[in-house]
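Residue numbers (the working numbering), protein chains in the order written: chain A, 4 to 275; chain B, -9 to 184.
Keep in mind the hints are simulated off the structure, nothing from the lab. Note that the Cβ used here is the ideal one computed from N, Cα and C, for glycine as well. Check before you lean on any hint, since a few could be wrong.
Said to hold, decoys possible - Covered stretches of chain A (chain B as the covering partner; in silico rule of three or more C-beta atoms under 8 Å from a C-beta of chain B):
#	stretch
1	13 to 24
2	60 to 73
3	263 to 273
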Amino acid sequence: MTCGDRSIALDTHLDGELSGDGLRDLGEHLEQCDACRTELEARRALRQTLRGAFLRSPSLAPSEAFLGTARATLLAEKGSRPRWAGVADWLGIAAAFLLVAGLAWLVDGVPRTQSLSVAMSGISAHAAGDHRNCALHFALEEKPVSLDDAARLYEPIYRGLREAVATSAPIVEGQIQLVEAHACVFRGRRFAHIVLRRGGRVVSLLVTPIRQDGLAGKLADVSACPTSGDLKVACTTSGGYAVFVVSDMPDAENLALARLLAPAVRAHLAGA
Amino acid sequence: MSADDTGPEPHAAPTGFEATILPHVDSVFRFAMWLIRDRTEAEDIVQETLTQALQSFHRFQPGTNARAWMLTILRHIRSNRLRARHRRPEVVEADDRLDALPAVEVTPQQVTDEDVLSALKALPPGFQEVIVLADVEELSYKEIATVLEIPIGTVMSRIHRGRRLLRAALAEYAAAQGIGRSRPVRGMPSEEGA
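Required output: the full structure, derived from the provided sequences and hints.
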C-alpha cells in the first residue's frame, strides 16, 4: 500500500475516526514515513487554523441585541409551557443567555472560573459517558488502544501517564488500586483513561486535550463539574488538557480523591 | 453496540435546557451565518431553531451531542425554507482544481484569518458545510451524516476532497501573493505514492 492509498486514512485519523487494522497500519506507516508525518501535521495545522479563523471572525458572531431578542422570545415561549413555569427557570434561562452573550468571555475571550462549569459541561458529560461505557460496561464503538500507541499517534503526553498516576499519594498509600490504563474514544472525544478501584467502586481518571475548546489552563482548582445521572465528576485543567475523575462515590469523596490524584497528573502534564 | 446515554431523564432537572442547549447558541449562530451569509435571516433561523429545540427538548437524548442536535434542527428549518422558495439545496459540484494541485504550499503563519475564510468560501457549498462541521464544530462522522442527511462514506469523501480543495485554494492565494514554499513534487506527498 502506498502513501497515496493512505491519504483518506490520514484525514480519517485526523478526525479520530480511524480504528482497528486501519489505525494499526497507519501507525506503523507513520513511524517510518517522514512525508506522511509531515502531511498529517500540515493537515492538522490547517484544521486548527481554519477553526481559529472561524471562531474569531466578528462577522460570524451573534450580536448582543440578537441574543437579547432571542431570550425574550424564548421567555415568551416558556410562559406558554407549564413545564418551564416559575421564576427560577426564568432566571436560569436569562442567566444562560447572558453567558452566551459573552459575560463568560470578557477577558480576552477566556471564560471566568465561575462560568467554566457551563463551558466544561459538554466535555464533562463525555467524561462521564466514557466512564460508564468503557470502565463500567464496555459499549464503545472503537476499541481502546494502549497509551503508548495513543502517544505515538495522537498525544505524546499520554506516554508515561500511567506511571505518573502510579506515584500519586492515594495509590502509593494503598487507598486505591490502579487497574488498567489505555486510550479510548467516547462520542468523538479521545481520552487517556486510567481505571482505578476503591473498595468495590470503579473510578476513572480521564485526560483529554482541550486546546481547541478555549479552556486550556483556565480551571486551576479541582472542582465539581456538572454531573449526569448518578455519576460524580471532578474536573480541573492543566495546560492544554482537562483532567476528570468520575465515579459513583459521594460528591465530596470524589472531589477529595481528585484533589489527591491531581498533583501527580499535573506534574506529568507540566513536565512532558 | 451503541453507548448508553449518560445523562438524566429529559426534564429531570429544571435547568436541563439551559445547561444543555444554550451554551451552543454561539456555535449554531456562526454556522447559520456561514451558511446564509445574511445576518437578518441567520438571526431569524437561529431564533426558530431555539424555539424548536425548547419545544422538542424532551426528545433530546442526554449524553448525545447537543450541538449536533441543534445543527440538525437548524438545517431542517433551512431546507424547508429553501423548498418553500422553490429553491433546491446546494449540490456538491465536481471540481477540477484537484487535478492541478498546488505547486506552492502555504503555512498557517503566512495567511490571515480572512485569507483562510475566503479560501473556504471559494469551495462548493457542500464541501464548505462538511468542512465546517468536521473542522470547526468537531462533529463525528456519524453526527455529520445525521446533520447533512448523507451516508458516512459520503462524509468521508467530502471531507477529504474538501480539505484538498481548501489547500489548493490557499496555495493559489499564496502563489498570487508570492508567499509560501515550493513543493518538491507536484501534488500532495500522500497522493504521490510511496
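The hints, checked one at a time:
1. 13 to 24: Holds: 6 residues of the stretch 13 to 24 of chain A have a Cβ under 8 Å from chain B.
2. 60 to 73: Result for this restraint: holds, n = 10.
3. 263 to 273: Since 0 is below three, the answer is violated.
Violated hint for the displayed structure: number 3, the only one.
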